Amino acid sequence: MTPEQRPNLFLRAYDSDAGYKFRRSPLTVLAGLILVLMIGAAMLAPWIAPFDPFDKASIDLFNALIPPAWQSGGDPAFLLGTDDQGRDLFSTILYGTRTSVFVGAISVALAVCAGVTFGLIAGYFGGLVDAVIMRIVDIQMTFPAIMVALLIDGVTRSFMTRDQHSEMAIVVIIIAMALSIWPQVARTVRASTMVEKSREYVLAAQVIGRGSGAILARHILPNVMGPVLVIATINLGVAILGEATLSFLGLGIPAGEPSLGTLIRIGNDFIFSGERWMLIYPGLTLALLVLSVNLLGDWLRDVLDPKLR
Amino acid sequence: MIRFLLERLLQAALLLLVVAFLAFVMFRFAGDPVAQMVSIDTTMEDRTALREALGLNDPLPTQFAQFVMRALHGDFGLSYQLGRPVAALLADRLPASIELSLIAFGLALLVGIPMGVYAGLKPESWLSRAFLIFSLAGISLPTFFIGIMLILIFGVELGAFPTFGRGDTVDLGWWTTGLLTPSGWHSIILPACTLGLFQMTFIMRLVRAEILEVMRSDYIKFARARGISKTRIHYGHALKNTLVPVMTIAGLQLGSIIAFGIVTESVFQWPGIGLLFIQAISTVDIPVMSAYLLLVALIFVSINLLVDLLYFLVDPRLRMSSK
Chain A
13 MTPEQRPNLF
23 LRAYDSDAGY
33 KFRRSPLTVL
43 AGLILVLMIG
53 AAMLAPWIAP
63 FDPFDKASID
73 LFNALIPPAW
83 QSGGDPAFLL
93 GTDDQGRDLF
103 STILYGTRTS
113 VFVGAISVAL
123 AVCAGVTFGL
133 IAGYFGGLVD
143 AVIMRIVDIQ
153 MTFPAIMVAL
163 LIDGVTRSFM
173 TRDQHSEMAI
183 VVIIIAMALS
193 IWPQVARTVR
203 ASTMVEKSRE
213 YVLAAQVIGR
223 GSGAILARHI
233 LPNVMGPVLV
243 IATINLGVAI
253 LGEATLSFLG
263 LGIPAGEPSL
273 GTLIRIGNDF
283 IFSGERWMLI
293 YPGLTLALLV
303 LSVNLLGDWL
313 RDVLDPKLR
Chain B
6 MIRFLLERLL
16 QAALLLLVVA
26 FLAFVMFRFA
36 GDPVAQMVSI
46 DTTMEDRTAL
56 REALGLNDPL
66 PTQFAQFVMR
76 ALHGDFGLSY
86 QLGRPVAALL
96 ADRLPASIEL
106 SLIAFGLALL
116 VGIPMGVYAG
126 LKPESWLSRA
136 FLIFSLAGIS
146 LPTFFIGIML
156 ILIFGVELGA
166 FPTFGRGDTV
176 DLGWWTTGLL
186 TPSGWHSIIL
196 PACTLGLFQM
206 TFIMRLVRAE
216 ILEVMRSDYI
226 KFARARGISK
236 TRIHYGHALK
246 NTLVPVMTIA
256 GLQLGSIIAF
266 GIVTESVFQW
276 PGIGLLFIQA
286 ISTVDIPVMS
296 AYLLLVALIF
306 VSINLLVDLL
316 YFLVDPRLRM
326 SSK
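Taken in sequence, the protein lines are chains A and B. The first sequence begins at 13 in our numbering and counts up by one. The second sequence begins at 6 in our numbering and counts up by one.
Think of the hints as simulated: they come from the structure by calculation, not from any bench. Be careful, since some hints might not be right.
Computed list of lysine to any residue pairs in SDA-like fashion (alpha-carbon distance at most 25 Å, straight line) [said to hold, decoys possible]:
#: 1; chain 1: B; residue 1: 127; chain 2: A; residue 2: 310
#: 2; chain 1: B; residue 1: 127; chain 2: A; residue 2: 37
#: 3; chain 1: B; residue 1: 127; chain 2: A; residue 2: 315
#: 4; chain 1: B; residue 1: 245; chain 2: B; residue 2: 234
#: 5; chain 1: B; residue 1: 127; chain 2: A; residue 2: 313
#: 6; chain 1: B; residue 1: 245; chain 2: A; residue 2: 313
#: 7; chain 1: B; residue 1: 127; chain 2: A; residue 2: 150
#: 8; chain 1: B; residue 1: 127; chain 2: A; residue 2: 38
#: 9; chain 1: A; residue 1: 209; chain 2: A; residue 2: 296
#: 10; chain 1: B; residue 1: 245; chain 2: B; residue 2: 47
#: 11; chain 1: B; residue 1: 226; chain 2: A; residue 2: 234
The model shown is predicted, which means the values in this text are computed figures rather than measured ones.
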């Protein structure tokens, strides 16, 4: 969405309003900073993490279960301590955040692509196509996202062997989360498309003989993306939580690969024996990540679409 | 009204049929049912005979029809893992899940509505702001993490509550309840708080938004102008009108209680159908999975139908437009 495509007057109001609201809300600024910092650190994990949790050679079982550096018995080399296999917790959290953010972002991107496409088609053409697409959306929206994801995981498990399934785990999760999010996007895009398609600029484009595809992609699409951005942001939080929940239940990413969910799952095994750091720091990371995403989503919603409240 | 109802019923039946088909496909094509039932020394002839006897050589539509008929009679076959009829397994586990869901939902309503009313009537007070921040945390913290933290604080550190299971249960013949023993109540508190927290914050936000909206409306202004007392305006006029959308949306949220119930039951090892389902997924116990799928679809469809009906009864505008 390039700003030039918007009417100029609206653009100025839009820009200053957003900027104003962003500056006026210290909580939003803080959330933005935290998010940029966390995602940046996660993306740069291979360069800034002190250890590589995938490198078997750097892992030493003698280093297992060392508490965080400031506690007694801590080792300054391992800032947040180590897990039961001797992996540096700080490094695994960095890599885990990377997996979680990656899974969340890709599933939301897929859901937005599918939702926007079907929403545009349903809203623009109407009739039978609209009825069929919206019925599917209705049916799917009655099932909560996490339920859809669980069912898809279960179904794929019954068709694959265990090894195949672990190899495909990330793909299955991404597809499951995307499938559970797209109906919301489709519904919103359809509603705004139905409003936009009777506007003068669309009529003008139809009159000069532009094809339906071009009208949808070049004229209507830029005008319906505002609310989509809001839904995408809020659902990024949902997708990250969904991945973490599935992985925590042992149904998502295999335990060998760090994601925030699997780290919490491992930490949970030590809840009664006192090695709390393995549970608390991945958990706090996840909570902070999702909280920041949700705060930014709230702010976006206020700015872009007051009616969505 | 009749037409609307019929349309909804037809839709519901169609959805159930689609879910049944999915369950059937899983049941029929994931693994070989015959291989599950025979031993190594069964001859090929016996296997073919068994295949014929089970109706596995019939055309697929016939097989699907038979599957649906059996499902309607509550026959889902034997669990691969536990070797017991799936219907009996589900019936055993259902009371635990229903009790947990109802207590969690009740908790969410009892705490969420007053909080929402307060935050809606006094949006500027510091307590309302605290409620809002609390609700954002409730939405951002994953259910399983809340559960673990409650276990860690109240179960492990303070030792105040049990961290798994249902405690002692009383068998009423057709229903085993944990609500008649002190240890049962003791055990349900942590899981119910975990499951109810998200619903509570959700309901709180909803009530707050509705109250804020209603307080701006003309009839409230008019009531004020007539000199009606604040209490009567707030509780007689405002709250009453917000409860309609709240009840319907909260009713729809029962579905997500079932979904998050799976997570909660897994964290607290609560012996309900959600835990059964998780175990079935990880052991690829297909009969249990497909039966659970159908059961949940049935529950969801019934809730949706009820909510639609409720809307119809409560909102006169809908009744007018359908005539």
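Checked hints:
| no. | hint | result |
| --- | --- | --- |
| 1 | 127(B) - 310(A) | holds (21 Å) |
| 2 | 127(B) - 37(A) | holds (21 Å) |
| 3 | 127(B) - 315(A) | holds (24 Å) |
| 4 | 245(B) - 234(B) | holds (16 Å) |
| 5 | 127(B) - 313(A) | holds (23 Å) |
| 6 | 245(B) - 313(A) | violated (28 Å) |
| 7 | 127(B) - 150(A) | violated (36 Å) |
| 8 | 127(B) - 38(A) | holds (22 Å) |
| 9 | 209(A) - 296(A) | violated (46 Å) |
| 10 | 245(B) - 47(B) | violated (69 Å) |
| 11 | 226(B) - 234(A) | violated (41 Å) |
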